[in-house]
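Chains Z and G, in that order, give the protein sequences.
2 is the number of the first residue of the first sequence in this note's numbering; add one for each residue after it.
2 is the number of the first residue of the second sequence in this note's numbering; add one for each residue after it.
FYI, nobody ran anything at the bench for these hints, they're computed from the structure.
None of the values given here were measured: they were computed from a predicted structure.
Any given hint could turn out to be false.
Note: identical chains are not told apart, hence a pair may lie in one copy or across any two.
Said to hold, decoys possible - Okay, derived cross-link-like pairs now, DSS-like style, lysine-lysine, Cα gap no bigger than 30 Å in a straight line:
| id | residue 1 | residue 2 |
| --- | --- | --- |
| 1 | Lys268 | Lys382 |
| 2 | Lys124 | Lys349 |
| 3 | Lys277 | Lys189 |
| 4 | Lys142 | Lys87 |
| 5 | Lys40 | Lys21 |
| 6 | Lys87 | Lys235 |
| 7 | Lys329 | Lys40 |
2 protein chains.
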Amino acid sequence: MNIYLDNAATSFPKPETVYKAIDLCLRYKCGNPGRSGHKLAMEANHIIFNTREQIGDLFGILDISRIIFTSNATEALNLGIKGLLKKGDHAITSTMEHNSVLRPLHRLEDDVVISVTRVKADKYGYVPVEAIKNSILPNTKLIVITHASNVVGTINPIDGIGETAKKNRIIFMVDASQTAGALSIDVKKSKIDILACSGHKNLFGPQGTGFIYINHGVNLLPLIEGGTGTDSKKDIQPKLLTERFESGTLNTPGIAGLGAGIAFIKKTGIKNIREKEILLTKYLLSQLKEIEELNIYGLSNPSSQMPVISFNIKGMDSGEFGTALSDKYNIMTRVGLHCAPLAHKTIKTFPQGTIRMSMGFFTTEKEIDFTIKCIKKILKKK
Amino acid sequence: MNIYLDNAATSFPKPETVYKAIDLCLRYKCGNPGRSGHKLAMEANHIIFNTREQIGDLFGILDISRIIFTSNATEALNLGIKGLLKKGDHAITSTMEHNSVLRPLHRLEDDVVISVTRVKADKYGYVPVEAIKNSILPNTKLIVITHASNVVGTINPIDGIGETAKKNRIIFMVDASQTAGALSIDVKKSKIDILACSGHKNLFGPQGTGFIYINHGVNLLPLIEGGTGTDSKKDIQPKLLTERFESGTLNTPGIAGLGAGIAFIKKTGIKNIREKEILLTKYLLSQLKEIEELNIYGLSNPSSQMPVISFNIKGMDSGEFGTALSDKYNIMTRVGLHCAPLAHKTIKTFPQGTIRMSMGFFTTEKEIDFTIKCIKKILKKK
Numbered sequence: 002m003n004i005y006l007d008n009a010a011t012s013f014p015k016p017e018t019v020y021k022a023i024d025l026c027l028r029y030k031c032g033n034p035g036r037s038g039h040k041l042a043m044e045a046n047h048i049i050f051n052t053r054e055q056i057g058d059l060f061g062i063l064d065i066s067r068i069i070f071t072s073n074a075t076e077a078l079n080l081g082i083k084g085l086l087k088k089g090d091h092a093i094t095s096t097m098e099h100n101s102v103l104r105p106l107h108r109l110e111d112d113v114v115i116s117v118t119r120v121k122a123d124k125y126g127y128v129p130v131e132a133i134k135n136s137i138l139p140n141t142k143l144i145v146i147t148h149a150s151n152v153v154g155t156i157n158p159i160d161g162i163g164e165t166a167k168k169n170r171i172i173f174m175v176d177a178s179q180t181a182g183a184l185s186i187d188v189k190k191s192k193i194d195i196l197a198c199s200g201h202k203n204l205f206g207p208q209g210t211g212f213i214y215i216n217h218g219v220n221l222l223p224l225i226e227g228g229t230g231t232d233s234k235k236d237i238q239p240k241l242l243t244e245r246f247e248s249g250t251l252n253t254p255g256i257a258g259l260g261a262g263i264a265f266i267k268k269t270g271i272k273n274i275r276e277k278e279i280l281l282t283k284y285l286l287s288q289l290k291e292i293e294e295l296n297i298y299g300l301s302n303p304s305s306q307m308p309v310i311s312f313n314i315k316g317m318d319s320g321e322f323g324t325a326l327s328d329k330y331n332i333m334t335r336v337g338l339h340c341a342p343l344a345h346k347t348i349k350t351f352p353q354g355t356i357r358m359s360m361g362f363f364t365t366e367k368e369i370d371f372t373i374k375c376i377k378k379i380l381k382k383k
Numbered sequence: 002m003n004i005y006l007d008n009a010a011t012s013f014p015k016p017e018t019v020y021k022a023i024d025l026c027l028r029y030k031c032g033n034p035g036r037s038g039h040k041l042a043m044e045a046n047h048i049i050f051n052t053r054e055q056i057g058d059l060f061g062i063l064d065i066s067r068i069i070f071t072s073n074a075t076e077a078l079n080l081g082i083k084g085l086l087k088k089g090d091h092a093i094t095s096t097m098e099h100n101s102v103l104r105p106l107h108r109l110e111d112d113v114v115i116s117v118t119r120v121k122a123d124k125y126g127y128v129p130v131e132a133i134k135n136s137i138l139p140n141t142k143l144i145v146i147t148h149a150s151n152v153v154g155t156i157n158p159i160d161g162i163g164e165t166a167k168k169n170r171i172i173f174m175v176d177a178s179q180t181a182g183a184l185s186i187d188v189k190k191s192k193i194d195i196l197a198c199s200g201h202k203n204l205f206g207p208q209g210t211g212f213i214y215i216n217h218g219v220n221l222l223p224l225i226e227g228g229t230g231t232d233s234k235k236d237i238q239p240k241l242l243t244e245r246f247e248s249g250t251l252n253t254p255g256i257a258g259l260g261a262g263i264a265f266i267k268k269t270g271i272k273n274i275r276e277k278e279i280l281l282t283k284y285l286l287s288q289l290k291e292i293e294e295l296n297i298y299g300l301s302n303p304s305s306q307m308p309v310i311s312f313n314i315k316g317m318d319s320g321e322f323g324t325a326l327s328d329k330y331n332i333m334t335r336v337g338l339h340c341a342p343l344a345h346k347t348i349k350t351f352p353q354g355t356i357r358m359s360m361g362f363f364t365t366e367k368e369i370d371f372t373i374k375c376i377k378k379i380l381k382k383k
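When you get a sec, could you build the whole thing from the sequences and use the hints?
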């Protein structure tokens, strides 16, 4: 039995329809989208348009030309952060962010001379609205916050932060890498100006996909200029979206898969997905709690977190433990810092990190039972 | 019959092994590469490593950590150009470049204050070494040249330009979007410091793939910072390659397909591919030349060009003609400026553009015969 508990890194498996959509696209529909007027190019165009519509529908985005495909969430976050911030600007973020937020901000601190406040989350990884509010300066241009921690799954209060941002005329950017597809997100309701998502996690697309939504009135500089198939008379980047930010050939087969992934979510119902994942989290948590050698981090409150659980073992190296799970029992987890050093400092697990088990829609109770059994076996032998 | 003559935009079809490699990766091997130590992550690592080795082998690159995966050639070109050039630098390029070179350079002219010389190619689209040499200034930092025109297929003398660059201690960057996989390229022989390639053209990978090779001693700033799965304790980007430039989750299934594409090229033999494409070019050219209504641009010399032919029709709009080919006969070409405005100015087809027929390894003489018959039919009716 292979047990995959690394869905926070990339979801596996994908729905069968995702595999089929990618293969179909590659074999029969894969002209260059937006480049020519012939049949195969139009088929590719249609795929891109369809996925853009699916995304718009899922996140309450009316103008789908504001949805820009990227190769992953990291590219989306870099575009949002670097495309927006200029010399003298101040940005607010939290200690729960992934390096895909922390590192671009650090680069800008060094090169462009911006200033950054990293609001400290509480020990459960939660970022209170008040703490954000108290960090606002006259030159605050951007608040960028993860919707949920990739280390402990804690969900942040984006509605409240969005409200605060709006009142203070600050641009609000959400990193929804861990939540898009698994939690309902409405960009209007949460007053999100920039939404960055990975396609290959809870949206069930393949690796190589992601996107950014950019609200009207938010003007970003592109990260990448190039051929857009439009305005080709000029050697300057067009102003019009989507072309302004989508240079070069898009990942059409990947985007076909992403569209199929979102279609699966809609068919299943995002509420049903959420309910199932809450039950799985409850089940895993209740069993882990019974093992007294474990220190479990985060809220331990299934309905306030994603199905991501981090823990350590008293008196045992977590790397060794993760290897034992993987090598002896084919239980796949992720051990270490999860590209989020400040998050581990916040929950007091730096620098040793944690063992992270992240479930997905296809995880079963039977797999959890087996995992618990194996954890106990390893502990007995130690 | 569907006749695909748009291979310069994206190759179609791909070898069967490419489709299979992608599906296999997605279904059985698609953990997050470089992020965890478990079985699926290691399978993904292995795929990434294997394709990197294939690329190294094909282009004579010994240190494969200098090969960085990107989502397309455009991202690779942006990384090379923007990662290198600083205020006060001078760059030399040609009028035959794609907007993926022209637009990033233009952006830097405006924002960073660099200067750019756009060397005029001759009317066949050829960029003489002498013209490059004559443009060198004391502050010239970069020469960036397309290996072959995407409009007329003319192959540029990269060995001579590389020699000149080396003598003058200038960094030499080649855009091999049109040639990688179809012409032999050896980075050492041609003294290439930076090589930018798309994966989805002659390398037979899927869309969403590309790469850049960065020679030792060439220090670029990353375009994108983020999680690298390494050095995670720090919120600054690691210095080590490949991680420095590969942030976020890579397109593992796409890279699996790219590896299979390169394996196909090696098995077939790049010389055999080139020979076949020269014969196809010869065959198509000889037949097109017999149609007196056509103005054919470029060298019309199969062994000095790629299998890309641009032409116009006396007294007929090329857009209308391309549409007729596509709608009536399912012959897929690309009409317009091909994202290369200065190239069309050089060959005197600006702003109307041309009809471009670009063949690939899977094009057949039978398809060419049918295409010629259809061209004649359309001309009769006009």
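*Check each numbered hint against the structure and report the violated ones by number, ascending.*
1
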